[in-house]
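> Could you build all of it, start to finish, from the sequences and the hints given here?
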Amino acid sequence: MTATTKTAKTGVARRAANPKASDAAKRENRTGWAFMAPFGILFALVFILPIIWAIYSSFFRQVTTGGGAYGGGELVNKFVGFQNFQYVVTSGAFWAGVGRVVLYTVVQVPVMIIAALALAMLIDSYIVKHITAFRLSYFLPYAIPGVVASIIWVYLYNGQISPIVKGLAAIGIKVNFFGDNVVLGSMANITTWTFTGYNMLIFLAALQAIPHDLYEAARIDGANGFQIAMKIKLPNVRAAALLAMLLSIVGTIQLFNEPQVMSISDPSISKSYTPMMMALNTSQGTLTPGGDGPASAVAIVMALIAGVLAVVYTLVERKVNAE
Amino acid sequence: MVSHNKRLVAALAAVAAMGMGLAGCGSDTANTGDSSSDGGKVTITYMHRLPDSEGMTLVNDIVAKWNKEHPDIQVKATKFDGKASEMIKKLETDVKSGEAPDLAQVGYAELPEVFTKGLLQDVTQYAEQYKNDFASGPYSLVQVNGKAYGLPQDTGPLVYFYNKAEFEKLGITEVPQSQSEFIEAAKKAAAAGKYIMSYQPDEAGNMISGLAGASGGWYKVKGDSWVVNTETDGSKAVADFYQQLLDAKAATTNPRWDPSFDASIKDGQLIGTVAAAWEAPLFMTSSGGTGSGEWQVAQLGDWFDNAGKTGPDGGSAVAVLKNSKHPKEAMEFLDWFNTQVPDLVSQGLVPAATTEDAKTPSEWSTFFGGQDIMKEFKTANNNMGDFTYMPGFSAVAAKMNETAAKATDGSGKVADIFSDAQTTSVDTLKNLGLSVSE
Amino acid sequence: MSTVEAIDKESRAAARARKKADKIRDKHANDLPRSMQPSALVKTITIVVLVFALIYFLFPIYWAIIASTKTPSQMTGSNGLWFAVGLSDLPAAIAKNYGTLIGWTRGQFWRWVLNSLIYSGVSALVGTLVAVMAGYATAKFNFKGKNLAIGVIMGCMLMPAALLTIPQYSIFHAMHLTNTMLSIIIPCCVSPFGFFLGRVYAQTSVPNELLEAARIDGASEARIFFTIVLRILAPAMVTIFLFLFVATWNNFLLPLMMVSSDTLKPVTLGLYGMVSLATFTDRGALMMGALLGVLPVIVLFLGLQRYWQAGLAAGAVKG
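Protein chains in written order, with the UniProt record's numbering: chain G, 1 to 323; chain B, 1 to 438; chain H, 1 to 319.
Please keep in mind that the hints were generated in silico from the structure rather than gathered at the bench. A portion of the hints provided could be inaccurate.
Below, simulated PhoX-like cross-link-like pairs (lysine-lysine); rule was C-alpha separation at most 20 angstroms, straight line [unchecked claim]:
#: 1; chain 1: B; residue 1: Lys430; chain 2: G; residue 2: Lys78
#: 2; chain 1: G; residue 1: Lys129; chain 2: H; residue 2: Lys43
#: 3; chain 1: B; residue 1: Lys220; chain 2: B; residue 2: Lys147
Per the computed footprint, the stretches of chain H lying under chain B, defined by three or more beta-carbons under 8 angstroms from a beta-carbon of chain B, are [to be verified]:
#: 4; stretch: 95-108
#: 5; stretch: 163-172
Counterexamples of contact, computed for chain H against chain G with all Cβ distances above 10 angstroms [as the list claims (entries may be wrong)]:
#: 6; residue: Gly86
#: 7; residue: Pro91
#: 8; residue: Arg111
#: 9; residue: Leu117
#: 10; residue: Ile118
#: 11; residue: Thr227
#: 12; residue: Arg231
#: 13; residue: Ala234
#: 14; residue: Ser261
#: 15; residue: Thr263
#: 16; residue: Thr279
#: 17; residue: Gly303
Note that beta-carbon positions come from the ideal geometry of N, C-alpha and C, so glycine has one too.
What follows is the structure, encoded as structure tokens:
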């Protein structure tokens with residue numbers, strides 16, 4: 001995060017004081033925007049306009065007109081002010097969903113990041129040879145689409161089919177992966193399985209970028225492998241850890257595939273299990289009030305919560321850095 | 001300065017050109033949604049979500065037959081690869097942007113909802129002439145306020161599937177006809193590790209509403225407003241029936257679409273259950289041959305205060321969508337398509353058409369002990385209680401499933417399904433801006 | 001152009017040196033100085049942990065491979081750890097499920113895999129380029145509204161992208177692009193996360209002095225970017241490419257809304273189509289579809305291994 005908060009000082013900017021400055025600044029302005037333009041145009045098309053639409057529509061609800069028991073066969077947009085937002089923030093289901101996501105973020109994400117870091121460290125320790133096979137195998141689940149990964153695991157959780165459950169039962173351990181307190185953990189396991197390898201690669205990359213002379217120096221000082229890992233490697237992968245965290249948290253906010261697929265086997269997983277599920281199901285009308293208005297409100301409130309958390313995280317992070 | 005801008009522009013142009021090329025790739029198949037007429041020739045588009053799998057007569061092949069005989073009305077069918085709720089959402093956006101297909105598959109339970117969302121076109125004037133080609137029950141389910149919006153395709157009357165040989169082994173010689181007899185038999189079977197009923201939480205919205213609906217509807221229209229009562233005597237009987245079975249652990253609780261349900265048929269644990277007619281071929285594949293030739297289809301007993309009646313579970317119509325410019329031609333094709341009985345049977349459907357008797361495919365009758373099960377389904381079809389759905393029923397069904405799941409582990413009661421259905425129904429109608437009299 | 005050549009030479013030399021060092025380290029892993037020599041216990045524990053992790057990651061895939069040869073009833077009724085039929089009957093079992101898969105996908109399976117490759121490949125390529133350009137712009141230039149742009153883009157990372165599908169549909173319809181390949185490619189090639197990575201990489205690995213030197217040499221900004229900056233960032237871009245590629249490959253909600261023609265569907269949507277039909281029970285065939293669909297990705301990753309591993313190393317964010 002430190003990298004993003006620093007503003008780049010360019011050579012051109014440093015010349016700001018001399019008479020040609022305005023010319024140079026103009027040129028820099030133009031060049032900057034020229035490089036920015038392709039992404040900017042696409043971004044406006046794919047994000048900005050739709051988000052404006054979402055914000056706009058969050059103030060409306062689609063209702064019938066024309067009276068009659070079925071309405072007039074047409075839905076109209078009715079301006080409802082902040083009613084959709086009021087619905088979202090007073091909805092117990094929404095906050096339960098937010099709670100699950102937060103729990104996921106504080107438990108699953110750290111577990112996955114630590115596991116990924118540990119694996120990366122072991123692979124980078126050169127204690128074991130032929131690491132390529134390990135590295136690739138760990139990464140393989142990332143290539144499996146989320147829906148399919150969830151289906152595979154649903155089988156492996158199923159009491160009547162799973163060789164895992166049956167195997168554990170045979171040695172006297174009874175597990176119910178769909179139990180009330182277990183189901184979120186089962187879900188977290190699917191996410192962990194899919195993304196640990198990817199995060200591990202991020203760490204591995206960071207580890208391999210550490211200059212080798214640092215190790216040499218440590219060795220001359222008589223440090224052992226473990227000390228090198230803790231004193232040299234760990235501090236050097238901090239940025240990579242933050243990157244992996246950020247990516248995982250963004251992914252968690254959008255948690256959808258795993259609960260959606262698991263609800264086939266556990267129908268008590270509601271349509272509003274996570275905010276993302278709630279938003280999509282609201283949009284499709286399997287929750288009431290339905291439609292794009294309330295669905296947008298769900299998404300916007302969730303994004304705001306995530307934004308606040310991100311700011312808090314950054315502030316804490318900065319403070320920890322300063323100390 | 002100039003040169004670098006030029007190059008940048010050139011690079012961007014290259015990217016853009018690549019994009020154009022790709023747009024070109026797709027454009028030949030683009031705009032399938034537009035129905036167009038070209039010198040008397042009409043193109044009709046039809047979106048479905050039929051299984052369309054191996055061994056079936058593919059929708060495209062059926063359509064090809066029509067196209068060959070009708071050069072002036074060419075039909076293009078596309079399959080939607082998603083859930084019913086997702087398809088409705090897609091149609092909603094399509095209709096808004098004027099790019100919707102002419103015809104689309106819509107479940108009976110969702111038809112009022114789709115009407116309310118403004119996706120349908122009144123085709124009563126064309127539908128009348130085809131009325132006699134279809135059973136009257138399903139035909140009326142394609143109507144809203146007495147106006148027709150399409151034609152029925154298949155139906156899903158609830159029936160009872162059971163393994164006769166296993167029943168006899170347990171000393172149950174006949175399918176019990178009263179609630180108390182059934183529960184007694186279920187307990188007897190459970191003592192022997194067998195189950196003659198399944199409680200399917202993920203199908204509660206479809207099946208349990210249908211079972212309760214056998215004895216009378218939940219949703220009535222009085223004047224211009226809705227009278228909702230999901231806690232009818234029928235509902236209470238259903239709740240009572242399943243609660244007793246659950247309490248006695250005399251029913252399986254595997255969700256219907258979880259692989260564990262298949263496993264319970266395969267390992268011979270589940271030997272009887274209420275099922276929709278269209279589940280017959282699914283049972284055959286799930287069983288892997290277990291009990292083949294021993295299974296039978298029976299009408300529902302009087303287990304739910306239903307006086308010999310049954311209820312609907314699933315089934316679809318094909319509706320004419322709002323933007324269609326050729327409703328007459330679309331209906332002409334639709335009547336033909338929905339009366340292609342053997343082809344529809346091959347898709348695993350129980351057709352709503354009465355133009356010819358659906359023949360039970362030979363594999364089906366082998367599995368079901370030589371029984372002509374299509375005939376049983378027809379009987380059930382004609383014996384269906386009067387159950388209509390309200391707009392927004394999908395939200396009610398979703399809530400029912402969730403509540404139903406809580407009854408399996410004792411954290412809730414079966415009766416909660418119906419009280420939750422009541423509140424969700426009323427909320428949904430109000431949220432749609434419809435009036436409810438309480 | 002001396003600068004460019006110098007960089008080129010330098011980076012090649014660096015790569016060579018790194019490779020050499022790695023080789024030496026690999027070779028001498030066992031004769032490290034005494035203090036570095038892992039004890040037998042450490043070695044054993046490491047191997048146990050790595051193998052345990054290997055089982056964890058590969059077991060579900062192994063299970064899926066086994067499952068892909070089974071019929072629906074064998075799926076529930078046979079040993080999950082081994083094939084349901086004898087090895088001699090295996091080809092027939094595979095052929096049967098393959099037939100089922102092709103049937104369920106209406107003969108379009110390989111077409112859909114190809115579509116997926118096109119969507120993922122083009123989106124990732126274009127997406128990486130534009131992300132790096134924008135990242136470079138914000139890292140190395142001061143322009144009006146820069147901080148606002150960065151803030152907005154980063155903020156959008158928090159917006160659930162799947163929910164924007166509906167308005168995106170309306171916009172693309174207005175441009176007459178729905179039901180075309182572009183309606184999938186364009187949304188998939190915009191990634192705020194890609195931008196973020198591009199920016200961080202440009203900040204950390206493109207030295208200002210180098211840009212200055214090139215400017216003094218008289219190189220245009222475009223030339224500097226395409227010949228110098230891209231070259232420096234090329235390995236790092238692999239990370240963005242990989243991320244975008246997989247994200248596009250996995251996306252099925254967008255194509256579900258955007259395209260209706262069978263010939264335009266990506267393979268993940270086809271698989272989702274099977275799953276979303278409640279009556280679908282041929283899960284063995286589904287597993288086969290999932291594995292066959294992933295195969296091209298794995299082949300691609302293996303084939304490009306050298307590049308993306310080097311890329312990930314180069315793209316690593318320095319602390």
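> Would Thr279(H) pass as off the interface with chain G, using Cβ distances and a cut of 10 angstroms?
Correct as stated: the minimum Cβ-Cβ distance to chain G is 13 angstroms, above 10 angstroms.
> Was Thr263(H) rightly flagged as not at the interface, with every chain G Cβ beyond 10 angstroms?
At about 21 angstroms from chain G, Thr263(H) clears the 10 angstroms cut-off, so the statement holds.
> Against chain G, does Arg231(H) hold up as non-interface, every C-beta pair farther apart than 10 angstroms?
holds (16 angstroms)
> According to the definition I'm using, a residue is off the interface if its beta carbon is farther than 10 angstroms from all beta carbons of the partner; does Gly86(H) meet that for chain G?
Given that every Cβ of chain G is farther than 10 angstroms from that of Gly86(H), nearest at about 19 angstroms, it holds.
> Are all beta-carbon distances from Pro91(H) to chain G longer than 10 angstroms?
holds (24 angstroms)
> Take the C-alpha atoms of Lys220(B) and Lys147(B), compute the straight-line distance between them, and say whether it is at most 20 angstroms.
holds (17 angstroms)
> Is the Cβ of Ile118(H) more than 10 angstroms away from each Cβ in chain G?
holds (17 angstroms)
> Non-interface claim for Ala234(H): all C-beta distances to chain G beyond 10 angstroms?
holds (15 angstroms)
> With 10 angstroms as the threshold, tell me whether Gly303(H) passes as away from chain G on beta-carbon distances.
holds (12 angstroms)
> Report holds if the minimum CB distance from Leu117(H) to chain G is greater than 10 angstroms, and violated otherwise.
holds (13 angstroms)
> Checking one constraint from the list: CA of Lys430(B) to CA of Lys78(G), max 20 angstroms. Satisfied?
holds (14 angstroms)
> Establish whether the coverage given for the stretch 95-108 of chain H by chain B is satisfied; the threshold is a Cβ-Cβ distance below 8 angstroms, and no fewer than three residues must meet it.
holds (count 6)
Taken one by one, the earlier hints all hold for this structure without exception.
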